[in-house]
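Chemist: Here the protein sequences come in this chain order: A and B. Using my numbering, the letters of the first sequence correspond one by one to residues 1 to 274. Using my numbering, the letters of the second sequence correspond one by one to residues 1 to 655.
What the hints contain is simulated information worked out from the structure, not anything from laboratory work. Treat each hint with caution, since some may be false.
[Stated by the list, open to error] Interface residues of chain A toward chain B, partial, derived using beta-carbon atoms under 7 Å: (1) Pro76; (2) Glu92; (3) Thr95; (4) Ser96; (5) Thr98; (6) Ala109; (7) Arg110.
Idealized CB from N, CA, C, for every residue including glycine.
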Amino acid sequence: MTTTSPGLEVTDLTVRYGGHLALDHINLEAPIGRLTGLIGPNGAGKTTTFNACSGLLRPTTGRVVLRGHDVTRRGPAARARLGLGRTFQRMELFTSMTVAENVALGREARLAGSNLLWQQISTPRRRAATRAATEGALELFGITGLADQSVGLLSTGQRRLVELARVYAGGFDMLLLDEPSSGLDHAESERLSAILRGLVENHDIGILLVEHDMAMVMSVCDYLYVLDFGELIFEGTAAETQASPVVRAAYLGSEEGLAEITADHEAREEAEVS
Amino acid sequence: MNDWLPFIVIGTVTGSLYGLAGLGLVLTYRTSGVFNLAHGALAAASAYVFYSLHFTMGWPWPIAGLVAVGVFGPIAGLVSERLFRSLVATRQATITVSTIGLLLLIQGFLYWHYGPLQLRFPDFLPTKEAFNLSSVSVSWVQIINVAVGVASFVGLVLFLKATRVGKATTAVVADPALLSLTGMNPVPVRRASWIIGCSFAALTGILIAPTLGADAFLLSALVVQAFGAVAIGRFSSLGMTYAGGLVVGILAALAQKQFGAHPPWNGLPSVVPFLVLIAVMLATPSRRLPKGAGRFTGAVMRQSSLPLRARAVLTLAAIAGLIAVPSLVGARLPVYTSALIFSILFLSLSTLTRMSGQISLAHAAFAGVGAATFGHLVGNSGWPWLVGLVAAGLVTGAVGALLALPAMRLSGIYLALATFGFSLLMDNVLFNSSLLFGAVKGTGVGVRGPRPQFGPISANSPHDFYFVVLAVVAVSCVMLMGMRRAQLGRFFRAMADSPTALTTMGLGVNVTRLIAFVVSAFFAGIAGALYIVLIGTATPVSFPATNSLLYLAVLTVAGAMTGYLTSAFLAAAFLVIVPSYISLSPEVQSMAFGAVAVAAALASDGRVDWAGLRTRFGARLETAARQSTALRSRSPLGARRADEALAARPAEGTA
Numbered sequence: 001m002t003t004t005s006p007g008l009e010v011t012d013l014t015v016r017y018g019g020h021l022a023l024d025h026i027n028l029e030a031p032i033g034r035l036t037g038l039i040g041p042n043g044a045g046k047t048t049t050f051n052a053c054s055g056l057l058r059p060t061t062g063r064v065v066l067r068g069h070d071v072t073r074r075g076p077a078a079r080a081r082l083g084l085g086r087t088f089q090r091m092e093l094f095t096s097m098t099v100a101e102n103v104a105l106g107r108e109a110r111l112a113g114s115n116l117l118w119q120q121i122s123t124p125r126r127r128a129a130t131r132a133a134t135e136g137a138l139e140l141f142g143i144t145g146l147a148d149q150s151v152g153l154l155s156t157g158q159r160r161l162v163e164l165a166r167v168y169a170g171g172f173d174m175l176l177l178d179e180p181s182s183g184l185d186h187a188e189s190e191r192l193s194a195i196l197r198g199l200v201e202n203h204d205i206g207i208l209l210v211e212h213d214m215a216m217v218m219s220v221c222d223y224l225y226v227l228d229f230g231e232l233i234f235e236g237t238a239a240e241t242q243a244s245p246v247v248r249a250a251y252l253g254s255e256e257g258l259a260e261i262t263a264d265h266e267a268r269e270e271a272e273v274s
Numbered sequence: 001m002n003d004w005l006p007f008i009v010i011g012t013v014t015g016s017l018y019g020l021a022g023l024g025l026v027l028t029y030r031t032s033g034v035f036n037l038a039h040g041a042l043a044a045a046s047a048y049v050f051y052s053l054h055f056t057m058g059w060p061w062p063i064a065g066l067v068a069v070g071v072f073g074p075i076a077g078l079v080s081e082r083l084f085r086s087l088v089a090t091r092q093a094t095i096t097v098s099t100i101g102l103l104l105l106i107q108g109f110l111y112w113h114y115g116p117l118q119l120r121f122p123d124f125l126p127t128k129e130a131f132n133l134s135s136v137s138v139s140w141v142q143i144i145n146v147a148v149g150v151a152s153f154v155g156l157v158l159f160l161k162a163t164r165v166g167k168a169t170t171a172v173v174a175d176p177a178l179l180s181l182t183g184m185n186p187v188p189v190r191r192a193s194w195i196i197g198c199s200f201a202a203l204t205g206i207l208i209a210p211t212l213g214a215d216a217f218l219l220s221a222l223v224v225q226a227f228g229a230v231a232i233g234r235f236s237s238l239g240m241t242y243a244g245g246l247v248v249g250i251l252a253a254l255a256q257k258q259f260g261a262h263p264p265w266n267g268l269p270s271v272v273p274f275l276v277l278i279a280v281m282l283a284t285p286s287r288r289l290p291k292g293a294g295r296f297t298g299a300v301m302r303q304s305s306l307p308l309r310a311r312a313v314l315t316l317a318a319i320a321g322l323i324a325v326p327s328l329v330g331a332r333l334p335v336y337t338s339a340l341i342f343s344i345l346f347l348s349l350s351t352l353t354r355m356s357g358q359i360s361l362a363h364a365a366f367a368g369v370g371a372a373t374f375g376h377l378v379g380n381s382g383w384p385w386l387v388g389l390v391a392a393g394l395v396t397g398a399v400g401a402l403l404a405l406p407a408m409r410l411s412g413i414y415l416a417l418a419t420f421g422f423s424l425l426m427d428n429v430l431f432n433s434s435l436l437f438g439a440v441k442g443t444g445v446g447v448r449g450p451r452p453q454f455g456p457i458s459a460n461s462p463h464d465f466y467f468v469v470l471a472v473v474a475v476s477c478v479m480l481m482g483m484r485r486a487q488l489g490r491f492f493r494a495m496a497d498s499p500t501a502l503t504t505m506g507l508g509v510n511v512t513r514l515i516a517f518v519v520s521a522f523f524a525g526i527a528g529a530l531y532i533v534l535i536g537t538a539t540p541v542s543f544p545a546t547n548s549l550l551y552l553a554v555l556t557v558a559g560a561m562t563g564y565l566t567s568a569f570l571a572a573a574f575l576v577i578v579p580s581y582i583s584l585s586p587e588v589q590s591m592a593f594g595a596v597a598v599a600a601a602l603a604s605d606g607r608v609d610w611a612g613l614r615t616r617f618g619a620r621l622e623t624a625a626r627q628s629t630a631l632r633s634r635s636p637l638g639a640r641r642a643d644e645a646l647a648a649r650p651a652e653g654t655a
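Isolated chain A (complex conformation) (with noise of 0.2 Å):
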């Protein structure tokens, strides 16, 4: 376990659309230097309380609180700006440029950021440091060789992968990943999962997770908050989630749905010592 200090914070979080309550009275941590899960099944309210802690949604009550800064009401740029930054679900790509742009536009939009002036232009440091970066941030995930693509070309894995470069190359100690694994084949989810224990052990990083891989999120989170039907029903380690009577009976529906992520998980481990 690493050290960890002031992430992302949310108190008391509620969203309503109309009657429908998506998100009831949600608090959750997730500090810098550790990887926090957010899990539920399909509807729970994962990517709607990952709009609400980004800006993109405005609650109807509840605090957020990011690396000490009450951001509540500040919009999304704002937010990326004190560090928080984010990847989709559905992918938010730039899709007419190339891979190289897209990833250095992580770094260039949080620097030039609101000033009209930094938007017009760029000094060569500024340069300097998106180039560092974008080259780093290919490197890390691997795609160092589909640079000059054009991103409506790859395949779903391989803008996975664009996304959390993008990302990666902000600069942003605070990341809220939206399924990243998910078109990813086994191979690359363990190295994505590498990569990202490098992330927060290494890099001063916290990161909260949603994904569908229980197996990686067992195998990768410090710890979980378990969400079913826009209320928070665990949180806890994943030793302890999988042992929870609570997230085997709401979450998971059947008693044999845990047995079989927890004998995935099992397996995986096994796999790995051998």
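Chain A is already provided as a structure; the job is to place chain B on it using the hints.
Modeler: Structure of chain B alone, referenced to chain A:
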């Protein structure tokens, strides 16, 4: 009070008709997501059908009216429904352009067939006084007009309440997403609403024609009046739309009384609906406005597939060709000069619409502002020519910044309407003021644009002026291409692709939108300044608002084929050079551009936009298919295979 009462009566009568037109517009917008800018043109067409049957062929008016409303209206509805159904998944801008195309097509046909002059359209309903309202005489025709409006509104409400299709329509109007949940086939609902909507347009057309005269332009502009009504109904409420029509009608009549005799404000009544529209849209949070059909994002920029060296050779050949033009075309040279000027205007429009994913129906107004600034500074105050040119760009850029304000809150059709409203305001009101083109004491109407003069050197001849313009074009191209490749251009292109992603990475996209509008307006102002030099003197009618529609349609046609730079030159050639050789009348030209714009919009469905569509909808399908091959496809070889697979997909899609 007695001074105002006659105007309130007149306003109520016309307002009821505006409300009727607005009802049709809301109905089709809410059920199909297509905001039909050709709604007024359909009304005009119906009025002309009636004109031919009743006045030319002598049919009795009830039968002529029945044919216009009961036959022409539904047919127009069926055709429109079929036409726009295939566009639902394309970009919003494409849908907007296709309705503009339809507008130009119908308007051009009417001009061509009936002549550009206004035809007398006598009252066919009894004009005898029905009663006297505190000494204001109210005629039967006025009562009938209001009665028809009210009856249509009540009839529509009853239809929606009592019939199955009507109930489904109500559900769709309330929440389009609901329809997909009920499992009901959307086509009958949309068809019914298009038939009703177009019949309402037809009815409005024949009722309002006696007031406006048979004039394709005025009648097409009826849609503008309906905009105000629709805005008050917040693009969804039928009751508020009809009431909104009355409000707009009465406000316009009152404005007529107040300002009718005070130029330049005498143009104000005709823009009342737009002032209402802009006020409502700026006061309404954008999430309260219903979303139209189509996608907001997804760029249409195409990357040249030619290798770098081939492109360099082609560019050099094009430059050589442009330099050789004066020695090849003889007396036609001003046509080519004009085309070069328009290529700057199209570059400006393209920067905004294609590169940055915004929409503008205000480019004619931008050009007008640039022309007026140049005329005042250089023609009247004697500023140096080049300084005046740059100043024209800067002043227009500042006006562009003003227009960026609605762009920060609105997108898609709402932004299109707001910018068009600005264009109409300039055209009808401000261009007439002495600040722009209006009469100044002693000089008469219009401003002068003198030929270039650089210190002692003057470039007076058409030949010299051509090269001056060519130089300005070259500088503009270099600047814009440089910008496109630099950081700012990346921000513009990224904004067109996914503004959401861009803001979650920390960029203030409202600032980016502001810059895009300023850059675009700057170059439009330059084009306007050069244009006034070309034509010598510009008047308030030199930059009509409707030209903005034409520009966007032509650029879309050219842009369906080529990239950023080339499309601007191609569009200018279509607009200026081609007509000068095949001597088409302006009406036929307008028809041709309209038809081609509709065709280009239809053709772009599934071809130009395929990559964008695939990203949105295909991603999930692919996920499963690719999971097994993802690792292999990361190698360059695999990536190439992925390219080939994708290149094959459009064929599957269109088959």
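Chemist: State the violated hints by number, sorted upward, taking the hints as numbered earlier in the document.
Modeler: 5
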